[in-house]
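4 protein chains.
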Amino acid sequence: MKKNFEIEMKVRDYECDTQGIVNNANYLHYMENTRHEFMYSLGMTFKESHGINVDPVVVRADLHYKIPLTGGDIFISSLTVERKGAKIFFYQTIHRKSDRALCCKGTIEAAILINGKLSRGDFYDEKLKDYL
Amino acid sequence: MKKNFEIEMKVRDYECDTQGIVNNANYLHYMENTRHEFMYSLGMTFKESHGINVDPVVVRADLHYKIPLTGGDIFISSLTVERKGAKIFFYQTIHRKSDRALCCKGTIEAAILINGKLSRGDFYDEKLKDYL
Amino acid sequence: MKKNFEIEMKVRDYECDTQGIVNNANYLHYMENTRHEFMYSLGMTFKESHGINVDPVVVRADLHYKIPLTGGDIFISSLTVERKGAKIFFYQTIHRKSDRALCCKGTIEAAILINGKLSRGDFYDEKLKDYL
Amino acid sequence: MKKNFEIEMKVRDYECDTQGIVNNANYLHYMENTRHEFMYSLGMTFKESHGINVDPVVVRADLHYKIPLTGGDIFISSLTVERKGAKIFFYQTIHRKSDRALCCKGTIEAAILINGKLSRGDFYDEKLKDYL
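Same order as they appear, the protein sequences are chains V, X, C and Y.
Position 5 of the first sequence, counting from 1, maps to 4 under numbering that gives the first Met the number 0, and the rest follow consecutively.
Position 85 of the second sequence, counting from 1, maps to 84 under numbering that gives the first Met the number 0, and the rest follow consecutively.
Position 31 of the third sequence, counting from 1, maps to 30 under numbering that gives the first Met the number 0, and the rest follow consecutively.
Position 85 of the fourth sequence, counting from 1, maps to 84 under numbering that gives the first Met the number 0, and the rest follow consecutively.
There could be a bad hint or two in this list.
If several chains are the same, the list does not tell them apart, and a pair holds so long as it fits within one copy or across any two.
Stated by the list, open to error - The list that follows gives simulated cross-link-like pairs (lysine-lysine, DSSO-like), each with its CA atoms no further than 30 Å apart: (1) K65 <-> K86; (2) K128 <-> K1; (3) K116 <-> K96.
Since the hints were made in silico from the structure, they are not lab data.
Just need the whole structure built from these sequences, with the hints factored in.
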């Protein structure tokens, strides 16, 4: 079974919209934050990466919304990772903590740009080795 | 050919992130705004809809990111619509206005909840008839 | 000395803008979240409050920006509270955790609407008594 | 009377929160966007400015919230500008278009950083001359 990375987060009220539930776009924010925390955990920061002109860019995000989170909900945001050719795939889920209900799951495909050009995708292989 | 709906928008600088480009989550905002403007154009507001307990909910969003928009870019956000059973599918694109480059395209699937329960999906058929 | 309430938060990269620092508007989000967490800690949720038609509304926000936070920074968001007539004043600060540098401080004035009308402001006195 | 700059904007539903009204932080976004559009109108873009290491930074924002905007509202966002020593003051208002009701007004103080250091504030004098 693949190693997964997870963090706990809590819905902030301003992330909810008029329907009283978390706005769809915020799940992309949660998932982005989880990927960045994952990178931090491996000793890579988004800022440093950008500073040396290595920019992971999302080329596809495919999200399934199951059960809406609402203000104050605590949730577990989790990911596993896979490399296929030049792309890195993040398989991400968001579960409500109280009952472990699946709220949102998504596949995020990222490409690695080096100096603005598409790389072969192996830039992070050494760093990611425990997860691949 | 299917009738499409489009609006023109302009990137606001605060929508860009450290990489200097529009953050991925904001494309979901742009697309949501386009669907709501589309609904307005048909005489349905999101607020009124919510007030009578009819809530369109996004169940899936599948986005392909092509070329990033950046601060000040003007873009055309366009959609066509299709009903398949209980779901409404929105096919949405975002093109940079200056050169008509495709920046992002996505398929958004929505279900219609009436009093919190999944409906048969025909609620908007009369309203949407010019687009179906 | 007045009792204060504080929480620890961490900057998410998407909260930073093209300048590489937290966008000004997000400090209002951080401070709102702190007030809501403060209310939670007293047994009041924003949702429940809204459900019984009691809506605290911000009538003024006066923020001083000192040192910008950047991606990954951990910070302490703190508040004290005072009631003056019909208004509640929140004195809020945001300090970077690593060196306790003051990043932002603000005064937020809130009025309490009950059924949409301005109240005398004593609605929360019992709940807030340890902080007033 | 001082020359003012104004733009028309429309509330997007995702900018509203659980209370069904525009979240307070978004007024800072609206006002920022208005200042940036003002700069664009004078031939200065935020990106270019940042590129040559000239960064206007907000050091204070003092906002008074009067009447909340809600989803779909069209509003006029207006500003006048004044220079006092090293600082530029923007006096900004947001009026609902339908009845010209004042929704929010604020004073935004900005300092001009050149290569990260506080400047004397005269960098934009020539550009701003029609408004000072």
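Hints, one by one, checked against the model:
{"no.": "1", "hint": "K65 <-> K86", "in the structure": "both (27 Å within a copy, 14 Å between copies)"}
{"no.": "2", "hint": "K128 <-> K1", "in the structure": "within (11 Å within a copy, 48 Å between copies)"}
{"no.": "3", "hint": "K116 <-> K96", "in the structure": "between (40 Å within a copy, 24 Å between copies)"}
Taken one by one, the earlier hints all hold for this structure without exception.
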